[in-house]
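Chains as they are written, first to last, in this note's numbering: chain A, 2 to 109; chain B, 2 to 109; chain C, 2 to 109; chain D, 2 to 109.
Calculated from the structure, these hints are not laboratory results.
Be a bit skeptical, because a hint or two may be false.
Where chains are identical, the list cannot tell them apart; a pair therefore holds if satisfied intra-copy or between any two copies.
What the hints assert, rightly or not - Each computed SDA-like pair below joins lysine to any residue, with the alpha-carbon atoms no more than 20 Å apart:
hint : residue 1 : residue 2
1    : Lys-86    : Ser-103
2    : Lys-86    : Asp-73
3    : Lys-93    : Thr-104
4    : Lys-86    : Tyr-106
5    : Lys-89    : Arg-100
6    : Lys-86    : Ala-13
7    : Lys-93    : Glu-39
8    : Lys-86    : Glu-17
9    : Lys-86    : His-24
10   : Lys-93    : Glu-59
11   : Lys-91    : Leu-75
12   : Lys-93    : Thr-25
13   : Lys-105   : Leu-75
14   : Lys-91    : Ser-53
15   : Lys-105   : Asp-73
16   : Lys-93    : Asp-19
17   : Lys-91    : Gly-76
18   : Lys-93    : Leu-75
19   : Lys-89    : Arg-102
20   : Lys-93    : Leu-11
21   : Lys-91    : Ile-58
22   : Lys-91    : Gln-81
23   : Lys-93    : Trp-20
24   : Lys-105   : Arg-8
Number of protein chains: 4
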Amino acid sequence: MSDLSVRDELRAFVNERDWAQFHTPENLAKSISIEAAELLEHFQWDASASESEQELIEELADVLTYAYLLADRLGVDPEQIMLEKLEKTKSKYPTERSRGRSTKYDRL
Amino acid sequence: MSDLSVRDELRAFVNERDWAQFHTPENLAKSISIEAAELLEHFQWDASASESEQELIEELADVLTYAYLLADRLGVDPEQIMLEKLEKTKSKYPTERSRGRSTKYDRL
Amino acid sequence: MSDLSVRDELRAFVNERDWAQFHTPENLAKSISIEAAELLEHFQWDASASESEQELIEELADVLTYAYLLADRLGVDPEQIMLEKLEKTKSKYPTERSRGRSTKYDRL
Amino acid sequence: MSDLSVRDELRAFVNERDWAQFHTPENLAKSISIEAAELLEHFQWDASASESEQELIEELADVLTYAYLLADRLGVDPEQIMLEKLEKTKSKYPTERSRGRSTKYDRL
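Could you build the full structure based on these sequences and the hints that come with them?
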């Protein structure tokens, strides 16, 4: 494992291949959807996907990679935007009303 | 910003609401696809999405959050699986053959 | 081309393979998302997809096939639900306010 | 119900609003993915979606509508491409090997 951050590793990978030109926000958004569906394909006919856990993990890594690339393109830090969004979600789903329920906030 | 890791923040959020029961790998995979499409919706009719950058960032945060939850459920570290997958991708896309081209590796 | 309707052709295909057991509404909904992403993959890095039109058409056929299977499972006619939804959409997008604009109805 | 075909109804709807300019193959492909995810959202936390069947049917109609628009844009007939693809799928999944199994053809 490298001492560089994931962001720096990804930047180096992209720059060495001159791929930044393809990484418009729109293309990265399409890519996230495409990889998300490849992940979902492991559950297409079955709620469990046990026989292919390594492949599953790699599809998840693909989703994360495009999401990190988009974050970098937008100039934001992935973990920071998650924490900021989490604060918002907490107030939309107060514990006393949402405990043990998957109901969407606008129907709670 | 908290001193807790994002993983720990997410775990606390989920536990307080007793939501782990809903977070099967399959449900999280569906959730990633659903949030990815909400992100894509910002580019549905237009390659740029300038008027709604804050919303765009929040949709991206949602994708990342479900991806982190799935990683935790699978017992893997999000950044580590990205770095491991990156090593594989590097060998599939050698710089000399892939530079400046978006061609898929099996057609290079 | 057969004299049977597409619905009947699909039913025969599924029955001969004893596949109805896999075609729950949920599994068909996942399948539609998966095939939709394979279609989108033709536009991942490029707004045009000219070199692969036959493949593109087959991906579109896959989306349509799972959508027809879900309609049959729900007991509705695909073309009739399209026409009924079209009536609703017409009233949400009156011609005088929506002409030449891709703005969503709730922002018109 | 009209005497016009669904294709003609959709064409009239689009032309009255001057929306053909937005209906590039790429934008329609994105739209199919977006609507497919809205359909999937009904099954996000639960394999059944009984309480919202009317909404479910309308999401399915949206998927079908964008798929029909893309077919028209590509100059093909939706039901004919389904039947042609079905012939291919039949030979990839011979009944004797695929009966009662959801295994993908390349692993049969």
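Item to check | Identical-chain pair category, Lys-93 with Leu-11, by Cα at 20 Å | outcome: This pair counts as between: shortest inter-copy Cα distance 15 Å, intra-copy 34 Å.
Next on the checklist: At most 20 Å between CA atoms: does that hold for Lys-105 and Leu-75 within a copy, between copies, both, or neither?
Outcome noted: Answer is neither; intra-copy 28 Å and inter-copy 24 Å both fail.
Item to check | Identical-chain pair category, Lys-93 with Leu-75, by Cα at 20 Å | outcome: Neither way: Lys-93 and Leu-75 sit 26 Å apart in one copy and 27 Å across, limit 20 Å.
Checklist entry - Can you tell me if Lys-86 and Asp-73 fall within 20 Å by alpha carbon in one copy, between copies, both or neither? => result both (17 Å within a copy, 18 Å between copies)
Item to check | 20 Å Cα threshold - placement of Glu-59 relative to Lys-93 | outcome: between (32 Å within a copy, 14 Å between copies)
Checklist entry - Between the shortest in-copy and the shortest cross-copy C-alpha distance, which are at most 20 Å for Lys-93 and Trp-20: within, between, both, or neither? => result For Lys-93 and Trp-20, the Cα distance is within 20 Å only across copies (15 Å; inside one copy 39 Å).
Item to check | Lys-86 and Tyr-106: within-copy, between-copy, both or neither at 20 Å Cα | outcome: within (15 Å within a copy, 27 Å between copies)
Next on the checklist: As a check of your reading, is Lys-86 near Ser-103 (CA-CA no more than 20 Å) within one copy, between copies, both or neither?
Outcome noted: Cα proximity of Lys-86 and Ser-103: one copy only (18 Å, versus 28 Å across).
Next on the checklist: When Cα atoms must be at most 20 Å apart, do Lys-91 and Gly-76 count as within-copy, between-copy, both, or neither?
Outcome noted: neither (25 Å within a copy, 24 Å between copies)
Checklist entry - Taking 20 Å as the upper bound on the Cα-Cα distance, should Lys-86 and Ala-13 be classified as within, between, both, or neither? => result Cα proximity of Lys-86 and Ala-13: across copies only (15 Å, versus 28 Å in one copy).
Checklist entry - Between Lys-93 and Thr-25, at a C-alpha cutoff of 20 Å, which is it: within one copy, between copies, both, or neither? => result neither (32 Å within a copy, 22 Å between copies)
Item to check | Same-copy or cross-copy closeness of Lys-91 to Ser-53 [CA-CA at most 20 Å] | outcome: Neither way: Lys-91 and Ser-53 sit 34 Å apart in one copy and 22 Å across, limit 20 Å.
Violation of the numbered hints given earlier is confined to hints 11, 12, 13, 14, 15, 17, 18, 24; the remaining hints are satisfied by the structure.
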